[in-house]
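Trainee: Residue numbers (our numbering), protein chains in the order written: chain A, 1 to 112; chain B, 1 to 117.
Read the hints as simulated data drawn from the structure, not as lab findings.
As the structure is a prediction and not an experimental result, all values here were calculated from the model.
Even glycine gets a Cβ: it sits at the ideal position worked out from N, Cα and C.
Watch out, some of these pointers could steer you wrong.
[Said to hold, decoys possible] Quick list of in silico lysine-lysine cross-link-like pairs, DSSO-like style, CA-CA up to 30 Å:
(1) K54/A / K68/A
(2) K38/A / K14/B
(3) K41/B / K68/A
(4) K99/A / K41/B
(5) K71/A / K5/A
(6) K54/A / K20/B
(7) K55/B / K99/A
(8) K41/B / K71/A
(9) K68/A / K99/A
(10) K99/A / K20/B
(11) K38/A / K5/A
(12) K20/B / K41/B
(13) K5/A / K64/B
(14) K14/B / K5/A
(15) K38/A / K64/B
(16) K71/A / K54/A
(17) K54/A / K38/A
(18) K99/A / K64/B
(19) K56/A / K99/A
(20) K38/A / K66/B
(21) K38/A / K20/B
[Said to hold, decoys possible] To be clear about the criterion: a stretch of chain A counts as covered by chain B if any three or more of its residues have a C-beta under 8 Å from a C-beta of chain B, and this derived list gives those stretches:
(22) 27-38
(23) 43-56
(24) 93-99
(25) 102-108
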Amino acid sequence: DQQVKQNSPSLSVQEGRISILNCDYTNSMFDYFLWYKKYPAEGPTFLISISSIKDKNEDGRFTVFLNKSAKHLSLHIVPSQPGDSAVYFCAASVSGDYKLSFGAGTTVTVRA
Amino acid sequence: GAVVSQHPSRVICKSGTSVKIECRSLDFQATTMFWYRQFPKQSLMLMATSNEGSKATYEQGVEKDKFLINHASLTLSTLTVTSAHPEDSSFYICSAPLLAGGLETQYFGPGTRLLVL
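If we strip away everything but chain A, and leave its shape as in the complex, we get (with noise of 0.2 Å):
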């Protein structure tokens, strides 16, 4: 059952634009989300993360929304660049537990 959904598999976006990257959990004692970069055969970068006291988080070009009325969370790039296209994966976590669970990831292809 997937607790974490990314339904969109890709996303392309010019250079220079806002690339944003959506995410829904089913699982109500999530409270805390985060975002990895992942370049094929190398382990997942951590990007930014959230807790649901918070309904947003910035950190440079990266922001990170959560409305945890609609269990939603979105990562914003801003302006998007080359070095950015990779596949993104959500992550949610019951605070104390560290278990990741993770969506299925959202290909981003930044175009010059």
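Add chain B to chain A, keeping to what the hints say.
Mentor: Frame of chain A, contents of chain B only:
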């Protein structure tokens, strides 16, 4: 961020042999580490939780006798794929959590590509 290493990065072995993969947290201690596997174009699937000083906890459907886990120290966990078969070919990734600012973040190793012939 925190650094987690894995060794080897790539291994090719014959069917029936055993393969050991090491996961190390380089600049922090981890009483718990996690092992994932990823099949092509799929998400990361948690296999087991490695606990320092006690037995590993396996996810449903993962054979504990097939995938032996030993958490030898606060910075090292090993995954041994015993009697490997071609269907065990996959990308294995470990992670270790680091608690900072009251929030825990999982840091991942670079992964190990296993090919069983």
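Trainee: Compare the structure with each hint and give your call.
Mentor: Results of checking the hints against the structure:
For the hint linking K54/A to K68/A, the alpha-carbon distance of about 9 Å falls within 30 Å, and the restraint holds. Between K38/A and K14/B the CA atoms are separated by roughly 29 Å; this keeps the pair inside 30 Å, and the hint holds. Annotation: proposed proximity of K41/B to K68/A holds, straight-line Cα distance about 29 Å (limit 30 Å). With a C-alpha separation of about 22 Å, the suggested pairing of K99/A with K41/B holds against the 30 Å cut-off.
Distance restraint check for K71/A and K5/A: the Cα-Cα separation of roughly 11 Å lies within the 30 Å cut-off, and the hinted pair is therefore satisfied. Taking the CA atoms of K54/A and K20/B, the gap is near 41 Å; set against the 30 Å cutoff, the hint is violated. Proposed proximity of K55/B and K99/A is supported: the alpha carbons are some 16 Å apart, at most 30 Å. A distance of roughly 25 Å separates the Cα atoms of K41/B and K71/A; the hinted pair therefore holds under the 30 Å criterion.
Taking the CA atoms of K68/A and K99/A, the gap is near 20 Å; set against the 30 Å cutoff, the hint holds. For a cut-off of 30 Å, the pair hint linking K99/A to K20/B stands: about 23 Å separates their Cα positions. For the proposed pair K38/A and K5/A, the alpha carbon gap of about 17 Å is at most 30 Å, so the pair holds. Of the pairs offered as hints, the one joining K20/B and K41/B holds, with about 24 Å between alpha carbons and a cut-off of 30 Å not exceeded.
Distance hint between K5/A and K64/B is fulfilled; the C-alpha atoms sit about 28 Å from each other, no more than 30 Å. Between K14/B and K5/A, the direct Cα distance comes to roughly 36 Å. Violation of the 30 Å bound is thereby established for this hinted pair. Distance restraint check for K38/A and K64/B: the Cα-Cα separation of roughly 28 Å lies within the 30 Å cut-off, and the hinted pair is therefore satisfied. Of the pairs offered as hints, the one joining K71/A and K54/A holds, with about 13 Å between alpha carbons and a cut-off of 30 Å not exceeded.
The hinted pair formed by K54/A and K38/A meets the criterion: a straight-line CA distance of about 25 Å does not exceed 30 Å. Distance hint between K99/A and K64/B is fulfilled; the C-alpha atoms sit about 18 Å from each other, no more than 30 Å. Between K56/A and K99/A the alpha-carbon distance is near 23 Å, which keeps this suggested pair within the 30 Å criterion. Distance check on the hinted pair: K38/A and K66/B sit about 27 Å apart at the alpha-carbon level, within 30 Å; holds.
Between K38/A and K20/B the CA atoms are separated by roughly 24 Å; this keeps the pair inside 30 Å, and the hint holds. Against chain B, the stretch 27-38 of chain A contributes 3 residues with a C-beta closer than 8 Å to a partner C-beta. That satisfies the three-residue criterion, and the hint holds. Counting residues of the stretch 43-56 of chain A whose CB lies closer than 8 Å to any CB of chain B gives 6, which reaches the minimum of 3, so the coverage claim holds. A stretch counts as covered by a chain when three or more of its residues have a beta carbon under 8 Å from one of that chain; for the stretch 93-99 of chain A and chain B the count is 5, and the coverage holds.
Check on the stretch 102-108 of chain A: 4 of its residues sit with their Cβ under 8 Å from a Cβ of chain B, so the three-residue criterion for coverage holds.
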